[in-house]
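These protein sequence lines are chains A, B, C and D, in that order. For what it's worth, the UniProt record's numbering labels the leading residue of the first sequence as 1, then goes sequentially. For what it's worth, the UniProt record's numbering labels the leading residue of the second sequence as 1, then goes sequentially. For what it's worth, the UniProt record's numbering labels the leading residue of the third sequence as 1, then goes sequentially. For what it's worth, the UniProt record's numbering labels the leading residue of the fourth sequence as 1, then goes sequentially.
Quick caveat, the hints were computed from the structure, so don't treat them as lab data. Take the hints with a grain of salt, since some may be wrong.
A pair holds if it fits inside one copy or across any two, identical chains being indistinguishable in the list.
Said to hold, decoys possible - Dumping the calculated DSBU-like pairs for lysine-lysine here, alpha-carbon to alpha-carbon at most 30 Å:
#, residue 1, residue 2
1, 391, 120
2, 404, 120
3, 351, 197
4, 374, 51
5, 351, 102
6, 473, 148
7, 51, 120
8, 374, 197
9, 102, 120
10, 404, 473
11, 340, 70
12, 166, 374
13, 404, 51
14, 197, 317
15, 148, 317
16, 317, 70
17, 404, 374
18, 374, 148
19, 340, 404
20, 404, 102
21, 391, 404
It should be emphasised that the depicted structure is a prediction, and the values quoted were computed from it without experimental measurement.
4 protein chains.
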Amino acid sequence: MSYEVKSLNEECGVFGVWGHPDAARVTYFGLHSLQHRGQEGAGIVSNESGKLHGHRELGLLSEVFSDETKLQSLAGNAAIGHVRYATAGNGSVDNIQPFLFKFHDSQVALAHNGNLTNAKTLRRNLEKEGAIFHSNSDTEILMHLIRKSQQSTFLDQLKEALNQVKGGFAYVLITENAIIAALDPNGFRPLSIGQMKNGAYVIASETCALDTVGAIFIRDVQPGEVVTINDNGLQVNRYTTQTQPAICAMEYIYFARPDSNIAGVNVHTARKEMGKRLAEEAPIDADMVIGVPNSSLSAASGYAEYSGIPYELGLVKNQYIARTFIQPTQELREQGVRMKLSAVRGVVAGKRVILVDDSIVRGTTSRRIVQLLKEAGAKEVHLRIASPPLKYPCFYGIDIQTRKELIAANHTVEEIRTCVAADSLAFLSEQGLIDSIGLTFDAPYTGLCMAYFNGDYPTPLYDYEEQYQASLKEQTSFF
Amino acid sequence: MSYEVKSLNEECGVFGVWGHPDAARVTYFGLHSLQHRGQEGAGIVSNESGKLHGHRELGLLSEVFSDETKLQSLAGNAAIGHVRYATAGNGSVDNIQPFLFKFHDSQVALAHNGNLTNAKTLRRNLEKEGAIFHSNSDTEILMHLIRKSQQSTFLDQLKEALNQVKGGFAYVLITENAIIAALDPNGFRPLSIGQMKNGAYVIASETCALDTVGAIFIRDVQPGEVVTINDNGLQVNRYTTQTQPAICAMEYIYFARPDSNIAGVNVHTARKEMGKRLAEEAPIDADMVIGVPNSSLSAASGYAEYSGIPYELGLVKNQYIARTFIQPTQELREQGVRMKLSAVRGVVAGKRVILVDDSIVRGTTSRRIVQLLKEAGAKEVHLRIASPPLKYPCFYGIDIQTRKELIAANHTVEEIRTCVAADSLAFLSEQGLIDSIGLTFDAPYTGLCMAYFNGDYPTPLYDYEEQYQASLKEQTSFF
Amino acid sequence: MSYEVKSLNEECGVFGVWGHPDAARVTYFGLHSLQHRGQEGAGIVSNESGKLHGHRELGLLSEVFSDETKLQSLAGNAAIGHVRYATAGNGSVDNIQPFLFKFHDSQVALAHNGNLTNAKTLRRNLEKEGAIFHSNSDTEILMHLIRKSQQSTFLDQLKEALNQVKGGFAYVLITENAIIAALDPNGFRPLSIGQMKNGAYVIASETCALDTVGAIFIRDVQPGEVVTINDNGLQVNRYTTQTQPAICAMEYIYFARPDSNIAGVNVHTARKEMGKRLAEEAPIDADMVIGVPNSSLSAASGYAEYSGIPYELGLVKNQYIARTFIQPTQELREQGVRMKLSAVRGVVAGKRVILVDDSIVRGTTSRRIVQLLKEAGAKEVHLRIASPPLKYPCFYGIDIQTRKELIAANHTVEEIRTCVAADSLAFLSEQGLIDSIGLTFDAPYTGLCMAYFNGDYPTPLYDYEEQYQASLKEQTSFF
Amino acid sequence: MSYEVKSLNEECGVFGVWGHPDAARVTYFGLHSLQHRGQEGAGIVSNESGKLHGHRELGLLSEVFSDETKLQSLAGNAAIGHVRYATAGNGSVDNIQPFLFKFHDSQVALAHNGNLTNAKTLRRNLEKEGAIFHSNSDTEILMHLIRKSQQSTFLDQLKEALNQVKGGFAYVLITENAIIAALDPNGFRPLSIGQMKNGAYVIASETCALDTVGAIFIRDVQPGEVVTINDNGLQVNRYTTQTQPAICAMEYIYFARPDSNIAGVNVHTARKEMGKRLAEEAPIDADMVIGVPNSSLSAASGYAEYSGIPYELGLVKNQYIARTFIQPTQELREQGVRMKLSAVRGVVAGKRVILVDDSIVRGTTSRRIVQLLKEAGAKEVHLRIASPPLKYPCFYGIDIQTRKELIAANHTVEEIRTCVAADSLAFLSEQGLIDSIGLTFDAPYTGLCMAYFNGDYPTPLYDYEEQYQASLKEQTSFF
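Isolated chain A (complex conformation) (with noise of 0.2 Å):
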């Protein structure tokens, strides 16, 4: 039932917006542009006069709001919204977002994208205070601490929250007469401000969904801040200014959408110049460059603009591939029988290619794609990766926390090489893949999460120190 063939999972994406006589209807087609960041399940919250509306489910956008009822039930003139990731486990109702809570003296809703490192002692913490949970989401505990705090203004409250809970995280909340933004003091995951052309704040995962919904951008919102939008316009205020950028490279990688820009860089352009600092680190004689679709294909062009070798349309994605349950069977799936992707093999039939991919997880997929390509009839297959090898785990918001699924983090180069089954093989260098990117922010960081590539994590891990710990003294083959 996945969506795509990587691995990957990206946990959420958010977006609101203020003033809007429509806003839940904008607020659908802003989610809509951000669906790639999460399947599991959606939902809105509207504001109508003060007055909160919510509807959450299971499902894609296009399921939960299956007719215009739903809709139209979230009246009002401001609204947020939530798509939430696809995990492999049965999913339940109570984790989809936004969280709605209704106090005898106010309204709050919640929606957050991210991964809290000291979620786990929150909660307990709260738990033996009375609290009660009543989902497994991280994004709860938030509630639980502006609620406890003795602060005496909500925005106060709020920001002595932010305060106690660490790692990636950026919230959209909607109150009875705002709606507030933060982002961790890293700015792990991207967060982003447009305006509408009736005057309506937006607030979004990325900037594609600011382009969607017709909405110019006006900035970023940055590590360390809460951003208010209410009908006087927007505020800007910090609650900590122990900041350090450190945007999560996948989001430039593989995650975000081609067409947003993540702190004034295009993702598409990024992907292209991997793409052609990996034809200058790694070149190679070919007769055609392709891509893996979709999110490969930025980069294989840029290594085929380098290169000087043309560039094909070698696989071909199915586009309808979307939540099919019939599966082939093991023995058809011996017999050669695909759903996903498909070589052309009028195009690959005694040629050698170069395939660019974006990344390697546990080079299941990578093996499966070389292994269409020589069926097709490729004479040679050369992998290219626009990204530097996979060896640590994610706390922040991806869905891998363990080195286990790494390959990269268990093989060699040359190991990998073997077990895809390529003719050759090579990583883009983590200069190469920062130099892409080319964010200008200060050291030691400069703007970069590449944990993921070293190790090199911006905060503690809390909870998982230990896990992590255990983890770098696991040994698996992959043979």
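With the hints as your guide, set chains B, C and D onto chain A.
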């Protein structure tokens, strides 16, 4: 609810397999790769030791077979299947194929891709003799003709019937002991035969379906042929020798999947050639070449390669479009809220763009895309169409049967350019198209039906003649 | 998934209305009150100024028309509808009526209640002449006969066709300008005409549907009649004068709703009379009389009233049975877990109970109910059946066509009593049944088909003759 | 979409089983027989070796568990379940029970039947201390009180919590090692314990659920008791000794199933007694007695038996009502189109009818039924209500909390008679009701809560006091 920005609709895909223990499942995967040829409904009929079982429904294949039970009920080691195109109007399950007929003396099922030009006359004559039809579809007619035939064998009855129907047709039938395929004398629609590793024969509208089920291509069904597949293997017969190959050019330009080969020519390669030729015929100085995803990417990369101008991802298509019922209101649309296609501001802003599209029908979509690019900051947009102007209706299986809907039938190139608001506009020449595809059949058609472009129909129009003549006199303004 | 504890199934209900602006909706409500006559599927065809629109699906009426849109698409001021009975096997939508036929020269839709005895022969002959059938249903045959007819008017074609079909049938047709109803020469199934306050004519299988739509009863359709309703009012014709009224006795005993009148006799009243007569014929001393809900409550109250023994609610039927797919496992069933019927322990414990049921088919249900009562503490259970023993199959529209399934065809009353474990058992006499209903038609049938009880079939059995003769020789043991 | 013509709504049914290998399935069948107590939603939580699994959804039980998979996912040999009543407003799944709580140190699920009178105060106080609620339901409060308790065992924490909640409540909890049930000090709602053949203990809102799952009744839970069921069997504790039995009289009159026994009194028998007493208190000469199906049939048969006037089926309820979304238009309603209830014209025409109903709320339904009978030709309709006039709201678990909606709170009996257009009207006396039920508890309440009739509430009203006092001053006219 449409799946594509284009308003052209193919009229179906067919698939069949004989000799596989999991025939219905193989058919499912075959149809899955033909889903682009029809999204209104789907069906499969299996043959279990001579007894036929069927299931068909409105919806995408994955909806029609939403659970294993339905597929499992289709036991047997042979099966045929069909996907039907999405019409504007409200469809009825009665029109979904294959049609399954259970007589007191035999069982037959029938699937059809194409359009007959004498259907109305045949139907009226049959009804006068007491025949009762249960669908609006042309497809039923063949069955009535077969049952009326006085020939002694089913094959001879079928041949007699095939000589009565006129126009475009690719039929696949399953009887108690064989699969039979037949193609019209012009071979308007593609139909190919392959073989799986276990020896099972496969027949499909496009070779991409052969690849998907791991079958090796053997041969195309030729115009005028009736091919019988049964436990004795493959037998080829002819119902007529008066044939003249004229493959629908639009299959190469737009309909077929780029990984399919038609008459031995790979579709992606043909499209790339069209792009190259277009660059040769209509060059222009610019900063980048972009294609309309997904069908025009091959042509765009050809244009870029020939011209030496960089190929960029300037338009992004949301991959989660399928069947959403929520649409932007008119007001939101005016505010710039869009669901399907986004221009990549970070790429096109301030640039001179060559926009390659495969064809123009009404011009509405082109106008919208040019506008998108301009709003995203493109300085100039030069539209290049990788096919000649569409000026005449099609009666052989494509959904536009009147000139009124074709902007190029009603306006000059300069008028169209004004209408779509491009800075320049050029079409590929007819000869350019013919050369790019490069078929080597005999004159007069040299293998291609170009009627869409030049009104030269390879068959009499029968029931459509009057409508066509009237259509020539119509003049509609698109301004 | 069955709705009733009884294993007898009626074969459908029909409804039609002419002259009401909201005809499809009126038909919906009419069919709603006929839902007990068929739960497998439902459909409505409306006539909008001569153009017919139809919708039909598997499922209960409320599922088939689960939203307003479907009903609203059936515009026009005339409509007919149909509910179809629930078969054991897996149904196909192809069998759901009304059948809607669109010819080049006319449109007709057709709904049918009953069963033909010469369907197989007619169908085979028609197929030999080239006819193609699209369902397993008898109903299509009439349409083929009409279309084959050389008569000049539709009415004459229909009359000719009606003289060819044999057995039990109540047809309702809608054409471009009329509703036409026809009843077989024996009038096995009821069919009544009424008129709404606005003058619209209504036709229905039972008078309860007239009451539900606020129509006043006008007359029954008589055996051999063809009734035409159009803008000129009601015209009665005959297609045959060789008629002999023989209304299915089971309509009074079990099928029809108690608020319906058949041939002027109220069903509840008839049932109560059967109960009284049963008390007279088979008295017994006991503490209370209870009926099996819902169909036997009238007879039970009659038994109580005549005998002077108190009428109690000793069995409760769960009103939320409809279509649950979760069933007790065999193990749970043995532990006494039951879904549909409960004995009222507080009422029957320690008491001598007279249990009145309307009929016994296989005896399984009776045995289960007797056991239920005993487990709830009943000291004695005296079973009284308010109809004679069922010994012969029905070929006119009831679902049991073999004697094997009838316990009374295979065993004596004493053997049945042993089998169902009752303390005593008695059936109503044939004369008792006849007197209770009290029809006053001429001999030989005096208005009632009693073939179920005595094997005296009012028509030749044609295609069923052989099967029937074989059935007479079978002997099955139910122990 | 309502299931009953009556506008009174019970607030839920609970069920639990401990010690059965198929616990969730047993719970399903138990809940199935309690479906009349709530149709808005349902849920089950199972205990698999100490780990709790849950599933809950809006809809009827058969919809919530529409396939085996959902039930099968609820493994374990203990389970509790809940059915929730249908509110007028739009329900949210957040309110559907059981509520399942997973803490770092334990797991608990909770189901509740009843209504607290101090919920608002408790909730506000808890929120002030930082508690976060996730539903509108009273039920969550108990869990917060338990988690706040400083007692050392779960049982003591629960007891402390039970002493803080006021009003009507029947709780069923499941923990990692026990099922615990508790009843309020007045025992407003029934709660009974039984045992299955395999020794498993069962707890249910009504004894009909014990019968349905084949369990033998053991004892009722008594007011003030906390009953623990675990692998050691049944342990009874008390959380208070200040109890005063006051069973809701409406359970006998209307809510409970006739096959249930409450406090040892069979509900059907009690209703029949009410009918007899009514015949004694308010006799009238007539031709027949009829009851409003289904809840008034017992009382009607009692009236008939005492008076010697024949009991007839004069009203038929369509058994296929459930959840149809198609409703008659206002115009059709005026033309007499009705869905739910039909008068039996053949029975009542020209007759003097005694119509027995169980209660009158707004009078609207009574008026409609009287009109139905008159339209069907009844000469006189004498309405007899088998309970005293409803004059006061209920705060213990029935859905009417204001006097405005009660016609008898605002009008005299003669005024009501005029309003419903009956020829005569009489209610059962309060003493008549008490005698008919025949409980033998001590004064002052002798076991029955009669507050609905006389305003004598067995508990303080706390949060409702103000609203109640205001309500006493309101005067609404129903004309």
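Task: Up to 30 Å CA-CA - residue 120 versus residue 51, copy category - done: between (32 Å within a copy, 19 Å between copies)
Check residue 166 against residue 374 for me: Cα-Cα at most 30 Å, and say if that holds within a copy, between copies, both or neither. Result: close neither inside a copy nor across copies, 47 Å intra and 43 Å inter.
Residue 404 and residue 102: within-copy, between-copy, both or neither at 30 Å Cα
For residue 404 and residue 102, the Cα distance is within 30 Å only across copies (28 Å; inside one copy 42 Å).
- Query: Given a CA cutoff of 30 Å, do residue 391 and residue 404 count as a within-copy pair, a between-copy pair, both, or neither?
  - Reply: Within one copy only: 9 Å inside, 60 Å across.
Problem set entry | Identical-chain pair category, residue 404 with residue 120, by Cα at 30 Å | within (22 Å within a copy, 51 Å between copies)
TODO: Classify it for me, residue 102 with residue 120: is the Cα-Cα distance of at most 30 Å met within a copy, between copies, both or neither?
DONE: Close inside one copy (25 Å) and across copies (13 Å); limit 30 Å.
Between the shortest in-copy and the shortest cross-copy C-alpha distance, which are at most 30 Å for residue 391 and residue 120: within, between, both, or neither? Within one copy only: 25 Å inside, 54 Å across.
task = Tell me, please, which holds for residue 148 and residue 317 at an alpha-carbon limit of 30 Å: within, between, both or neither?
result = Intra 50 Å, inter 45 Å, cutoff 30 Å: neither.
When Cα atoms must be at most 30 Å apart, do residue 404 and residue 473 count as within-copy, between-copy, both, or neither? within (10 Å within a copy, 71 Å between copies)
With identical chains treated as interchangeable, where does the CA-CA distance between residue 197 and residue 317 reach 30 Å or less: within a copy, between copies, both, or neither? between (37 Å within a copy, 23 Å between copies)
ask   = Using 30 Å as the alpha-carbon threshold, which applies to residue 404 and residue 374: within, between, both, or neither?
value = For residue 404 and residue 374, only the intra-copy Cα distance (28 Å) is at most 30 Å; the inter-copy one is 48 Å.
Notebook entry, point to check: Can you tell me if residue 473 and residue 148 fall within 30 Å by alpha carbon in one copy, between copies, both or neither?
Noted result: neither (40 Å within a copy, 42 Å between copies)
The structure is inconsistent with the numbered hints 4, 5, 6, 12, 15 and 18, although it conforms to all the rest.
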